[in-house]
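A.B. asks: Hey, can you work out the whole structure from these sequences and the hints?
Chains as they are written, first to last, in this note's numbering: chain H, 717 to 962; chain B, 2 to 338.
Check each hint, because a few of them may be wrong.
To be verified - One-sided and incomplete, this derived list gives chain H residues near chain B with beta-carbon spacing under 8 Å:
1) L818
2) A879
3) S894
In case anyone wonders, no lab produced these hints; they're calculated from the structure.
Think of the CB as a built atom: it goes at the ideal place given N, C-alpha and C, for glycine as much as any other residue.
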Amino acid sequence: MTAVLEVHDLSVAFGGIRAVDGVSFAAERNAITTIIGPNGAGKSTLFNLVSGLIPPDGGRVVLDGVDRTGEPPHLMQRAGLGRSFQITNLFFELTVFENLRLAAQRLENPMRFLLPVGRSDCALTRVDELIARFSLAEKTSELAGALSHGEQRRLEIAVALAAQPSVLLLDEPTQGMSHADTADTSKLIRGLAKDVTILLIEHDIGVVMDISDRIVVMHQGKKLAEGAPSTVRNDPAVKAAYFGHA
Amino acid sequence: MRDNVTAAPVVDRLALAMRASHVLVAIFVVAGLVFATVGVAMKDTFFLRLATEALIFAGLALSVDILLGYSGLLSLGQALYFGLGAYVAAVVLKEIPSFWVAMGAALVASLVVSILAGLIANRVRGVYFALVTFGLAQVAAKAVYNTRALGASDGMIGVPIVPIDLGVATVMSNSPAGFFLFTLAFIVVLYAISAYLLDTPFGRVLLAIRANERRVPSLGYSTRNARLAAYVLAAVVAALSGALYPMLRGFVSPELLFFTTSGNAVITVVTGGVGTLAGALYGSVILTVLKSVIGSMTEHHLIVIGLLFMVTVIFLPKGLMGFIRPSIERLIGGGSR
Chain H
717 MTAVLEVHDL SVAFGGIRAV DGVSFAAERN AITTIIGPNG AGKSTLFNLV
767 SGLIPPDGGR VVLDGVDRTG EPPHLMQRAG LGRSFQITNL FFELTVFENL
817 RLAAQRLENP MRFLLPVGRS DCALTRVDEL IARFSLAEKT SELAGALSHG
867 EQRRLEIAVA LAAQPSVLLL DEPTQGMSHA DTADTSKLIR GLAKDVTILL
917 IEHDIGVVMD ISDRIVVMHQ GKKLAEGAPS TVRNDPAVKA AYFGHA
Chain B
2 MRDNVTAAPV VDRLALAMRA SHVLVAIFVV AGLVFATVGV AMKDTFFLRL
52 ATEALIFAGL ALSVDILLGY SGLLSLGQAL YFGLGAYVAA VVLKEIPSFW
102 VAMGAALVAS LVVSILAGLI ANRVRGVYFA LVTFGLAQVA AKAVYNTRAL
152 GASDGMIGVP IVPIDLGVAT VMSNSPAGFF LFTLAFIVVL YAISAYLLDT
202 PFGRVLLAIR ANERRVPSLG YSTRNARLAA YVLAAVVAAL SGALYPMLRG
252 FVSPELLFFT TSGNAVITVV TGGVGTLAGA LYGSVILTVL KSVIGSMTEH
302 HLIVIGLLFM VTVIFLPKGL MGFIRPSIER LIGGGSR
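C.D. replies: So this is what it looks like as structure tokens:
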């Protein structure tokens, strides 16, 4: 197994509060690495550091063997990092099709960036694949803002995946979903791991134990534990911090 | 309908809307040609020249719509580039009476100024962007107003009549019908270039910025570069339109740089229809005609313009073309939706 994404001693502080404090881990190729921890543990901040939305105070982010620490989000994306957001972050006034094409047109030859959109063949092929894979065929012409919450969450993943990233960061993809939708989505994510390395933040502990290859537990900005689901589940420190009792 | 969803071609809503705008502009051109024919038949000068002025200001409105309608950037200082084009053309024409040299100079000047000003203005968003663009234009206006070499508050008069050599024919800038038709063609070319660029992946990134700017970097696009590109494109469109002004009127004045000019362009776009491009053309004609007709009856014509603006915003929030265009879309879209 090789690490696609390595995080070394990553830290950031906001006004004296060390939101992420010396966190290190590695995400193995085509595996699902899940970050868990109570609210305020620094999970989303960690994602923002890795994806370039917030520059870290210290530490390194290595993607595919290249040090990318402190690079802005659009360059991180170009280096192969796709991400979704905890709070649905789509182009609500554009259709499902437009949302996907916008994300997929990054695959197009830059020389075609100033040719009419109808000639973006690569992007259009990719959009068709995504529509099929994420079962959005009946919704293509609908505005993203008019979709149900579950559909929006699915589109959010599809948009993050559109430009064929090597690492996909999913921030609580099943947040607010019904039980049935959650089951479908976790199956979908498990399927995606065949082609892409996944770094996941998830609260639904059932989903976490079910689909993760490796779990990183965070607490108050620090990494508390790391290991296979069965190891983490039985770790006394994790039980104390995360489940509230030892 | 539902059973062939997988095979159904996706209707590109945005491309369809753009085609509808093309139809509206084609109607505009036909109306312009009819108007020119009638004008020539009636040996008119006044209305042909007034209409030419409307077209020139339509170019300024077009530049406002590129920013407001496609990138979500409200510029309150597009007169900076319109006036820049006008002054550069006037200065050049007084030395070298060549149309193409004047246009080339306006193009280069607007590129240089807009890249520099764009780097400043694009550091901020929303209201702050509006204020910075406003401020930049005011600084330029006051500088021109106090520069004797540029005629100061009087402006510059005596811009010579120029021949416009188009290869196949030569149009004189003082020929009412000839210069009207040339300006019509010129503005349609500016429209076509803008419409083309906005219907590319680049244009879609601009729309994405308007819809949800914070999401765009995570898709791999630099919002700073895209916004700057839109700003420069809009500046060039405004400057090239402005460069025609001294050819039509024979003079330039600092008013071309004032807020009234910028503000009128925004009113034009909102009345005509934000994000339609065609609305800039129709809006400019409507506003110019109203100003002239009402202005000939009362000197308080701004009250009427102001009321009209408010009525439009309340009852036609998408502007005239925003109201009409969906019907055209249904007509040419082959019954989709």
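A.B. asks: Can you give the numbers of the hints that this structure goes against, from lowest to highest?
C.D. replies: Those not satisfied come down to hint 3.
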